[in-house]
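Trainee: Hey, can you work out the whole structure from these sequences and the hints?
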Amino acid sequence: LVVEQKNTFGQSASGGIDLSALATPLGGLLSTAKQIPAFFAAVLISIIACFFLTCDYDNFTRMIKSAVSESHEASLVKTKKLFGDILGKMVKSYATIILITFCEVAIGLNVLKFIGVYDGGYIIAISIVTAFVDIFPVLGTGTVMVPWAIISFFSGNFGLGIGLLVLYATVTVIRQILEPKLVSMNVGMHPVITLMGMYLGVQLFGVMGIFTLPITFFLVKALNDEGIIHLWGRSKAKIS
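Counting along the sequence shown from 1, when you hit position 151 you're at 161 in my numbering, and nothing is skipped either side.
Keep in mind the hints are simulated off the structure, nothing from the lab.
Glycine included, each C-beta is placed from N, C-alpha and C at the ideal position.
Don't take each hint at face value.
As the list claims (entries may be wrong) - For lysine to any residue, the following SDA-like pairs were computed, each having C-alpha atoms within a straight-line distance of at most 25 Å:
#, residue 1, residue 2
1, K90, I58
2, K102, T222
3, K91, I238
4, K102, C60
5, K123, V143
6, K123, F142
7, K90, I187
8, K91, M199
9, K99, L233
Stated by the list, open to error - Label pairs and their computed distance ranges (CB to CB):
#, residue 1, residue 2, range
10, K90, Y132, 42 to 52 Å
11, V183, Q213, 15 to 25 Å
12, I55, K91, 23 to 33 Å
Mentor: As structure tokens, then:
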């Protein structure tokens, strides 16, 4: 039996290049890429539905109000207001996350440039694109950082490749820590419940569930606090 020995960079003794080390990250990237069409299809359908609903909003609300009693109509109006407030707070939370990611990427690329492993430009533009891409669960920072790091490795710039992977890991860890806390702080729910909603949402409904299920949790809590529904004891702040 002939056993091939691999050197530090994954090159076998026979002269071939072993790419097995890239199998796991590339497999994850391909798996993520397969979900992108379904994600954008859901976004497109939501936009179209919102467009038609907006165009015929008055008739739609009139139809809903005519189908319920006056007491239920008041509850619906209050529910609509609560839902709008929750969406506003969610937008505020994720806008903060985008700003934090932008600062992290900009600082990271400037550090890489300072130590001499990155000699390119467009740091602000790259940071803006990465920050907005990171907000989508299907895409994330890895959509920009991982392919860039792989290209850097193949082109022989190992310092930049390692730096980009470190930056990617840092942004990802900080995002996972801050997201539940920021969202829960703005909507008044415990971070554990927020994190549980995000996890269950992804498991049950895919990438859109990371937004829809937590919003549902927040809305149910707000409705219960306002006394519109009665699932558990109302908070002391609302009772007083």
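Trainee: Now look at each hint and say whether the structure bears it out.
Mentor: For each hint, the structure was consulted:
1. K90 with I58: 20 Å, holds
2. K102 with T222: Holds, at roughly 16 Å.
3. K91 with I238: Answer holds: K91 to I238 is near 13 Å, not above 25 Å.
4. K102 with C60: 21 Å, holds
5. K123 with V143: 22 Å, holds
6. K123 with F142: 22 Å, holds
7. K90 with I187: At roughly 31 Å apart (the allowed maximum being 25 Å), I187 and K90 break the hint.
8. K91 with M199: 18 Å, holds
9. K99 with L233: Measuring from Cα to Cα gives roughly 16 Å; hence the hint holds.
10. K90 with Y132: 42 to 52 Å: 43 Å, holds
11. V183 with Q213: 15 to 25 Å: 21 Å, holds
12. I55 with K91: 23 to 33 Å: 26 Å, holds
Going through the hint list in order, the structure does not satisfy hint 7, though it satisfies all others.
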